[in-house]
Amino acid sequence: MSAREQRAASQRIVVTGLGAVSPYGRGRDVLWRGLATGETAIGELELFDSAEHRTHVAGQVNADFGELGEHLSRRQRERLTRTDQFALSAAFEAFGNADLSEGTTELGVFFGCSTGGMFEGEALFEEGADPSSTTQIFAAHQNNSPADAIARALGSTGPIEVISSACSAATMALEGALQALRSGEVEVALAGGADGLCRLTYAGFNSLRAVDEEACRPFRAEREGLSIGEGAGVLVLETLEHARARRATPIAELAGAGSSCDAFHMTAPHPEGLGAAAAIRAAIQDAGIEHGDVDFFNLHGTGTPHNDAAEWRALVNVFGERASRLPATSTKSGVGHLLGGCGGLEAVVTVMCLDAGMVHPTMGAGPVDPDSPADLVLGKARELTKSNFAVSANLAFGGANGALVFRRFSEEPS
Amino acid sequence: MSAVVTGVGTIGPWGAGLEALSDALESGQSTLSEVDRGKGFHADSSARTAGLVDPAVYREWLPGASARRMSVNSRMTLAAARMAAKSGGLDEDQVGGDRTAISMGTSFASSEFTARLLEQINKTGPQSASPFLFMETVANAYAGQVAMHFEARGSNSTITQREASGALAVARALYQLSSGSADRVITGSVDEMSPLPHALLDRFRALARAGADGVERSRVFDRDRGGFVASEGATILMLEPEELAEARGAKVFGRIRCAVRAFDPTAPAHDWGTGSEPLARALTRGLKRDGLAPKDIDQIVSGASGSRTGDRLEAHILKKTWGDAELPPILAPKSVTGEYGGGQLAAAILALNGQAFASTPGFESVDPDLGIRPHDGASLPTPKRILVSSLASGGAACWFVLESCS
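First to last, the sequence lines map onto chains A and B. Number 165 in the numbering used here belongs to position 165 of the first sequence; there are no gaps in the numbering. Number 169 in the numbering used here belongs to position 169 of the second sequence; there are no gaps in the numbering.
One or more of the hints may lead you astray.
Covered stretches of chain A (chain B as the covering partner; in silico rule of three or more C-beta atoms under 8 Å from a C-beta of chain B) [said to hold, decoys possible]:
| # | region |
| --- | --- |
| 1 | 34-48 |
| 2 | 56-66 |
| 3 | 115-127 |
| 4 | 213-222 |
Listed next, with one range per pair, are the computed distances between beta-carbon atoms [what the hints assert, rightly or not]:
| # | chain 1 | residue 1 | chain 2 | residue 2 | range |
| --- | --- | --- | --- | --- | --- |
| 5 | B | 119 | A | 44 | 51 to 59 Å |
| 6 | A | 272 | B | 377 | 37 to 45 Å |
| 7 | B | 296 | A | 288 | 31 to 39 Å |
| 8 | A | 320 | B | 97 | 22 to 30 Å |
| 9 | A | 383 | B | 93 | 29 to 37 Å |
| 10 | B | 93 | A | 272 | 18 to 26 Å |
| 11 | B | 97 | A | 268 | 18 to 26 Å |
| 12 | B | 66 | A | 306 | 41 to 49 Å |
| 13 | A | 241 | B | 290 | 17 to 25 Å |
| 14 | B | 124 | A | 272 | 48 to 56 Å |
| 15 | A | 412 | B | 405 | 41 to 49 Å |
| 16 | B | 124 | A | 383 | 46 to 54 Å |
| 17 | B | 327 | A | 155 | 41 to 49 Å |
Calculated from the structure, these hints are not laboratory results. A quick note: this is a predicted structure, and the numbers were derived from the prediction, not measured. Every residue gets a Cβ at the ideal spot worked out from N, C-alpha and C, and that includes glycine.
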């Protein structure tokens, strides 16, 4: 092992800033308070007419982004899509939360995005649309747009990596950030993801009969599908050395990451959750811990019958008998499924849970599925007796899985 | 951090396979097709041609019935991946496994299926949306299809970063190998050029327009360049750690020595920027981190495509990186392959292995602002090291160094 590789192996990567935009509103505190109430933010879809769609609910963001005016000119703001706004708002919040100076330009930006500005791009297909009036949207609707907007706004000259691997995109973006930080390519990075509601995904998931007519009910016996959501979650990650040098306060440590592929089916997970289990196991191994060290699990928890069942099988595969005693929750029950952005928002929530020493409840009516008897936190937030390590996992279309291990910050290495 | 290339598969307007691409690069001949402008996306005065792929050239590489419902992108990716496996002497059942990862890049995902799905939703209502179209509109569909075909159960990621998607996918693959999380990575780039992205690129004035001879041609680095020719295709590279490749006696096409990534914050959302100074610094620092200096580079495989702004940015970065020293020969394969579809990756592998390149087609006069004269067709010694340069509109940048193993 070279000196540089040795340094990388011993390098600890910490979280020093968090930012979020969710259907609860703008900001991580609003998100945390919303989740803690146990009341879902999933409600009636108003962004576009859903009369002809099979379902009519979503986790829609109804926030004002006038605050972006503090950072961007009016002309710059006019060119942003909704997803760009979510991403920028969360990024600026995380950047400020980490107390990074505006002069920090050697940033890496690692981001997950699956639909980008598709909502605005759809205008091209409306009856009577004039393509010449929507060409600006073409640039914005691509999945690289939110991350590019962040890097551009912060004047970053560091590496950029946008993952578009559906629902595990942001989780794998955080994995990429971890590798870049460990290798010494960068000392500080913004990582996360964002996605916005659009007609294409709303109709597409409905065509798969994967959407619940009510707000989603993850891991419940009578669950019928997911609820599509939107928003963004961004974390500031940096080497512990860098954080110490600038006297920043670490909130948590990103201890490990793993990813895998089911290689089984384009839209259905492996029924035994073998791919998901492999990703979770790889993340735990990467963190240098045992599965018994994990204190709670932030589920992918979409609420689709097949996905939750497969995830449960993965938990049993990794944690054995302990699976049914491991506190678990689904952030999607509160905010819906942010698709390419869910891994970012759920990473933010996982870190907040570790920091608070409590897990937010999983919303949704009905008894827990007896065939997937996870120790679901129900009703109200649960205080953890031990909150050192948590896993956040995501399972995606195309069989792509990702998992992250966060550790409550301690000066002592694990 | 290094890995070796043990397989290459490529499909483009030139045909299928390295040999077909080699012929095109040596002759300097592009294959152009008329774009279907009847969909209503194009302006009357738009560009008319693109580098389109004849599906017949890769049909033999498709796995029969299962490919029927795939998008063009999935088909080309899978065909190129199978080609790459064969080129490296791998049986198909040797390719996959728990430690085979996939790191793909795409600029536009499946624009054809996206357009068809949105037309369905708008014309006949959302309840008529086809699940088959929907699942292939997702950008990682092709990586998923390849994973299923080879049973590749390692990490599976897709990068979307416009023109730099392929190079950034290679960079991620390199990280995965060097971190020990995979023993093989199937990596590369794919894009289809359906009428929708072609029309929109044209409306951004990104595409080459016809010259006096009536031909739409990219004029890479030329004073009178006016845009690029948009193309489609797929190129797949199989990467492995060198020691594993050696242990199994694999055929090796070259070593990827290092990758460098950066961003240009001066770039607007839809164009290239002017931030050559910080990008040149990032490139120099990245090379140095791996013990290299500009003088160690024997050839540059440029990502220049004929874009006014993109070519200018690349020229200025190279000038600043090399400073007073003379630039090595600059090959510009996109003058033959067009932009998108990964042809540059395959051309770089060929260049490392002594490929003869024709005098850069379309280049006539040096742009005094650029001061770059691309390859003139002279015979070049086989290089030891090549810098592959890839700059994206929107700001992303990625370079990697290919090195001979001989």
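Taking the hints in turn, this is what the structure says about them:
no. : hint                         : in the structure
1   : 34-48                        : violated (count 0)
2   : 56-66                        : violated (count 0)
3   : 115-127                      : holds (count 5)
4   : 213-222                      : violated (count 0)
5   : B/119 with A/44: 51 to 59 Å  : violated (27 Å)
6   : A/272 with B/377: 37 to 45 Å : violated (58 Å)
7   : B/296 with A/288: 31 to 39 Å : holds (37 Å)
8   : A/320 with B/97: 22 to 30 Å  : holds (25 Å)
9   : A/383 with B/93: 29 to 37 Å  : violated (51 Å)
10  : B/93 with A/272: 18 to 26 Å  : holds (22 Å)
11  : B/97 with A/268: 18 to 26 Å  : holds (21 Å)
12  : B/66 with A/306: 41 to 49 Å  : violated (21 Å)
13  : A/241 with B/290: 17 to 25 Å : holds (21 Å)
14  : B/124 with A/272: 48 to 56 Å : violated (38 Å)
15  : A/412 with B/405: 41 to 49 Å : holds (44 Å)
16  : B/124 with A/383: 46 to 54 Å : holds (52 Å)
17  : B/327 with A/155: 41 to 49 Å : violated (29 Å)
Violated hints, listed in ascending order, are 1, 2, 4, 5, 6, 9, 12, 14 and 17; each of the other numbered hints is respected by the structure.
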